[in-house]
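There are 2 protein chains.
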Amino acid sequence: MLGRLLLFFKKVGVVVQQNSKLRINLDRDSYDILIEQGLLEHLGALISEKFGKPRTFIVTDKNISEHWLEQTLDSFSSKGIFPKVLEVPEGESTKSFDNLEKIIDQLLEAEVDRECLLIALGGGVIGDLVGFAASVTLRGIKVVQVPTTLLSQVDSSVGGKTGINVRQGKNLVGSFYQPSLVVIDTQVLQTLPKRQILAGYAEVVKYGVIRDNLFFDWLEINGQRVLEGDQQAQQFAIYNSCRIKAEIVEADEKEQNVRAILNFGHTFGHALEAEAGYDGNVLHGEAVSIGMVMAIELSKSLGHLSGQDAVRVVEHIKKIGLPSNINSINGSEAWYPEKLFQHMKHDKKVSNGRMRFILAKTIGEAFVTAEVRKDKIFKVIEKSLSGNL
Amino acid sequence: MLGRLLLFFKKVGVVVQQNSKLRINLDRDSYDILIEQGLLEHLGALISEKFGKPRTFIVTDKNISEHWLEQTLDSFSSKGIFPKVLEVPEGESTKSFDNLEKIIDQLLEAEVDRECLLIALGGGVIGDLVGFAASVTLRGIKVVQVPTTLLSQVDSSVGGKTGINVRQGKNLVGSFYQPSLVVIDTQVLQTLPKRQILAGYAEVVKYGVIRDNLFFDWLEINGQRVLEGDQQAQQFAIYNSCRIKAEIVEADEKEQNVRAILNFGHTFGHALEAEAGYDGNVLHGEAVSIGMVMAIELSKSLGHLSGQDAVRVVEHIKKIGLPSNINSINGSEAWYPEKLFQHMKHDKKVSNGRMRFILAKTIGEAFVTAEVRKDKIFKVIEKSLSGNL
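Chains as they are written, first to last, in the numbering used here: chain A, 1 to 389; chain B, 1 to 389.
Honestly, the hints are just simulated from the structure, not real lab data.
Some hints here could point you the wrong way.
When the alpha-carbon atoms are kept at most 27 Å apart in a straight line, the in silico DSS-like pairs for lysine-lysine are as follows [said to hold, decoys possible]: (1) A:Lys102 to B:Lys345; (2) A:Lys50 to B:Lys254; (3) A:Lys374 to A:Lys345; (4) B:Lys170 to B:Lys142; (5) A:Lys374 to A:Lys170; (6) A:Lys102 to B:Lys254; (7) B:Lys254 to A:Lys53; (8) A:Lys254 to B:Lys53; (9) A:Lys345 to A:Lys319; (10) A:Lys339 to A:Lys376; (11) A:Lys319 to A:Lys194; (12) B:Lys50 to B:Lys21; (13) A:Lys170 to B:Lys84; (14) B:Lys374 to B:Lys345; (15) A:Lys102 to A:Lys170; (16) A:Lys319 to A:Lys361; (17) A:Lys142 to B:Lys194; (18) A:Lys254 to B:Lys50; (19) B:Lys319 to B:Lys254; (20) A:Lys345 to B:Lys53; (21) B:Lys339 to A:Lys170; (22) B:Lys142 to B:Lys102; (23) A:Lys170 to B:Lys142; (24) A:Lys102 to B:Lys62; (25) A:Lys142 to B:Lys361; (26) B:Lys383 to A:Lys254; (27) B:Lys194 to B:Lys319; (28) B:Lys194 to A:Lys254; (29) B:Lys345 to A:Lys53; (30) B:Lys339 to B:Lys376; (31) B:Lys84 to A:Lys345; (32) A:Lys79 to A:Lys62; (33) A:Lys254 to B:Lys254; (34) B:Lys62 to A:Lys84; (35) A:Lys102 to B:Lys102; (36) B:Lys383 to B:Lys339; (37) B:Lys376 to A:Lys142; (38) A:Lys84 to B:Lys345; (39) B:Lys142 to A:Lys142.
For clarity, every value in this text was computed on a predicted model and none was experimentally measured.
Put together the whole structure using the sequences plus the hints.
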């Protein structure tokens, strides 16, 4: 509620500087999400303030390590903490059983105990892999998420879903395991490629569409500033994305009902990623963007969403520069509807063989349904394949 | 409380037939433990009554499969459920990353979804491995524990600890994940080797010592009946063991404080198993038995436990035929105290480099302490090595 109020003030032009800290309250595990420019410089101080002087392990990849590791380590050493650094390769294929086992092996070789602290410094791949490793090492050690991409800052670092990929699909093995703290520094986005920022922004739009029309209004006006690196706009967008995600996760940590709406656009999106073969040709956020447009079209065609609302969402996605049709993906000329439909059937959300869809009722309200006829789905896939959405 | 009352009636000779069902109440996950002769014959009926007609997977090993699988499958087919059976090798080395990955792979290949049911039919190895697999497949699917050894019936099947072994030690990787149901059939103990029954009985004695003097009294009188296969005595012993474990786990699911007392005798015991190399030369329960005698000696030497109580526990252990000294283990002539001490330092319970010990105050009350001088520990190890406990 406070978040919505702030949003309203912001919208009407009142400057309110109160969007740097969120608390997520769960049954047993509650934690803070800190959001501010330059937090990485103070990471050591934040950790020592909250956890004392734990033996600390930082897992990161080469790319992040080049840009941000030195500064991070300095922030620790000034507090008398000297973390051990484990480096894993970049890219989606890093989320494997093999790397999971390697990280755990290195932790155990260093005689990790339950008072130690693990830090996931990187994007969604690092966050998911390290969160999973933390959840099963000694049956659970503390992990702090320090996400370094817009996508992971607004999505995967919050909410406790961890996982790795297996040959049958993405994130099919993992756990629900909450971090002890999430530290989001908007400054790290400065070294992130433009395309990555844009892809992350797709998830930001999602929060407005599924839960918060005021936030969507704000994005229509300020989205471009977020993409261009305006720190205040980025902080505000991230704060509200995390706030909305936190509200939903608090209501349903284990995804037994409402949490499923966070997958708006994802059932379609995952099918596109699966068909593309996770080769980096289509980024997750791009697939979600196309998937959201498909979900909007499906919502409209089933009579749940007004044409006016549908146009607003699709227009914003297009105007901001996100892809909206499957035919924008390289190589998609060879794709056909039946194959994409088969991928959708393998989604984790399938329950007792029934596919579930997240649809929109208005901008700001999404719902879950299993009542979607196959021909309606095919029609949407065909439209998107031919670039007509 | 009810359990203690029943125990008292039993002790004074009143027959009370109310020890076939326990409920364990945890924050989010509550479940029943059913204990009775012949339950396996009705497993299919129990499952369909509770879960409907889920797609079911049974994981078991060759030994169990030979004795009990046919009957189990019949109980399902008569209810219209036709489980897929996955067989893993017997023995402690089965609890590996490799087998974890294989089980998950087979589940995913069979298109497991979150409505499916996994059944762990076997001893502690199967229970730990399958529980772990269930906890991370699709971030958690339902698992029913059907323990087939006395050890797993009174210990590992209840309480939600799962895990595998890695080169650094046993159970160092795993999760806290509660089963949806535990089904304990005392009849399966009839095909269990005598030595395995005896080893499992060590954990039964443990419950009396750490938490319940009435139960210990009962064991002094009826322990032999439990070992000889008296079904009523077995059911009563298992019921009370599970009741005590349930009380402790309810108070502290994630082992942040009191749950540690369940490790009475285990810090010493694990060191013996580690030194023996997990080759089957010393069974877990045997190591725990020797470890309990050491913990009793340590408790006495530190002035926490009376000589009278110490004698009673050690006498019962010896009389029943359990080992009480390290020198009863084949090959232990070559062992020396420092090495065993090093193994103890690698226990999961070590916190901030400090070893913690579970000691007894009286029969029926144990406590955790980090205040034990190294020379006292060495003295106990030396006595046990030379067969003087």
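Results for each hint:
Pair hint Lys102 of chain A plus Lys345 of chain B holds up; C-alpha atoms about 23 Å apart against a cutoff of 27 Å. For the hint linking Lys50 of chain A to Lys254 of chain B, the alpha-carbon distance of about 21 Å falls within 27 Å, and the restraint holds. Distance restraint check for Lys374 of chain A and Lys345 of chain A: the Cα-Cα separation of roughly 11 Å lies within the 27 Å cut-off, and the hinted pair is therefore satisfied. Among the hinted pairs, Lys170 of chain B with Lys142 of chain B is consistent with the structure: their alpha-carbon atoms are about 24 Å apart, no more than 27 Å.
At most 27 Å may separate the alpha-carbon atoms for a hinted pair to count; Lys374 of chain A and Lys170 of chain A meet this at roughly 24 Å. In summary, the hint linking Lys102 of chain A to Lys254 of chain B is supported, as the alpha carbons are separated by about 25 Å, within the 27 Å threshold. Among the hinted pairs, Lys254 of chain B with Lys53 of chain A is consistent with the structure: their alpha-carbon atoms are about 23 Å apart, no more than 27 Å. Taken as a hint, the Lys254 of chain A and Lys53 of chain B pair is honoured in the structure, with Cα atoms around 23 Å apart against an allowance of 27 Å.
Only pairs whose Cα atoms come within 27 Å are accepted, and Lys345 of chain A paired with Lys319 of chain A is rejected, the gap being roughly 32 Å. Distance restraint check for Lys339 of chain A and Lys376 of chain A: the Cα-Cα separation of roughly 16 Å lies within the 27 Å cut-off, and the hinted pair is therefore satisfied. Of the pairs offered as hints, the one joining Lys319 of chain A and Lys194 of chain A holds, with about 15 Å between alpha carbons and a cut-off of 27 Å not exceeded. Using a Cα cut-off of 27 Å, the hinted pair Lys50 of chain B and Lys21 of chain B holds, with the two alpha carbons roughly 15 Å apart.
Pair hint Lys170 of chain A plus Lys84 of chain B holds up; C-alpha atoms about 24 Å apart against a cutoff of 27 Å. Under the criterion of a C-alpha separation no larger than 27 Å, the hint pairing Lys374 of chain B with Lys345 of chain B is consistent with the structure, at around 11 Å. Using a Cα cut-off of 27 Å, the hinted pair Lys102 of chain A and Lys170 of chain A holds, with the two alpha carbons roughly 19 Å apart. The straight-line distance between the Cα atoms of Lys319 of chain A and Lys361 of chain A is roughly 22 Å, inside the 27 Å bound, and the hint therefore holds.
Distance restraint check for Lys142 of chain A and Lys194 of chain B: the Cα-Cα separation of roughly 43 Å exceeds the 27 Å cut-off, and the hinted pair is therefore not satisfied. A threshold of 27 Å between alpha carbons decides the hint, and for Lys254 of chain A with Lys50 of chain B the separation of about 21 Å falls inside it, so the pair holds. Restraint check for Lys319 of chain B and Lys254 of chain B: not satisfied, since their Cα atoms lie roughly 35 Å apart, outside the 27 Å limit. Using a Cα cut-off of 27 Å, the hinted pair Lys345 of chain A and Lys53 of chain B holds, with the two alpha carbons roughly 21 Å apart.
The hinted pair formed by Lys339 of chain B and Lys170 of chain A fails the criterion: a straight-line CA distance of about 44 Å is larger than 27 Å. A threshold of 27 Å between alpha carbons decides the hint, and for Lys142 of chain B with Lys102 of chain B the separation of about 18 Å falls inside it, so the pair holds. With a CA separation close to 21 Å, the supplied pair Lys170 of chain A and Lys142 of chain B stays within the 27 Å bound. For the proposed pair Lys102 of chain A and Lys62 of chain B, the alpha carbon gap of about 31 Å is over 27 Å, so the pair is violated.
As the CA atoms of Lys142 of chain A and Lys361 of chain B are separated by approximately 33 Å, the hinted pair breaks the 27 Å bound. The hinted pair formed by Lys383 of chain B and Lys254 of chain A fails the criterion: a straight-line CA distance of about 51 Å is larger than 27 Å. Distance check on the hinted pair: Lys194 of chain B and Lys319 of chain B sit about 15 Å apart at the alpha-carbon level, within 27 Å; holds. For the hint pairing Lys194 of chain B with Lys254 of chain A, the CA-to-CA distance comes to about 43 Å; that exceeds 27 Å, so the pair is violated.
The suggested pairing of Lys345 of chain B with Lys53 of chain A holds, with an alpha-carbon distance near 21 Å, which does not exceed 27 Å. A hinted pair counts as satisfied when its Cα atoms are at most 27 Å apart, and Lys339 of chain B with Lys376 of chain B qualifies at roughly 16 Å. Distance hint between Lys84 of chain B and Lys345 of chain A is fulfilled; the C-alpha atoms sit about 21 Å from each other, no more than 27 Å. Of the supplied pair hints, the one linking Lys79 of chain A and Lys62 of chain A holds, its CA atoms being roughly 25 Å apart against a limit of 27 Å.
For the suggested pair Lys254 of chain A and Lys254 of chain B, the alpha carbons sit about 18 Å apart, so the restraint of at most 27 Å is met. A threshold of 27 Å between alpha carbons decides the hint, and for Lys62 of chain B with Lys84 of chain A the separation of about 44 Å lies outside it, so the pair is violated. Annotation: proposed proximity of Lys102 of chain A to Lys102 of chain B holds, straight-line Cα distance about 18 Å (limit 27 Å). Our distance criterion of 27 Å between C-alpha atoms is met by Lys383 of chain B and Lys339 of chain B, whose separation comes to about 15 Å.
For the given pair, Lys376 of chain B sits about 33 Å from Lys142 of chain A by alpha-carbon distance, which is inconsistent with the 27 Å threshold. Note on Lys84 of chain A and Lys345 of chain B: the hinted pairing holds, with a Cα-Cα distance of about 21 Å set against a maximum of 27 Å. With a C-alpha separation of about 26 Å, the suggested pair Lys142 of chain B and Lys142 of chain A falls inside the 27 Å cut-off, and the hint holds.
Hint check: violations occur at hints 9, 17, 19, 21, 24, 25, 26, 28, 34, 37; the rest are consistent with the structure.
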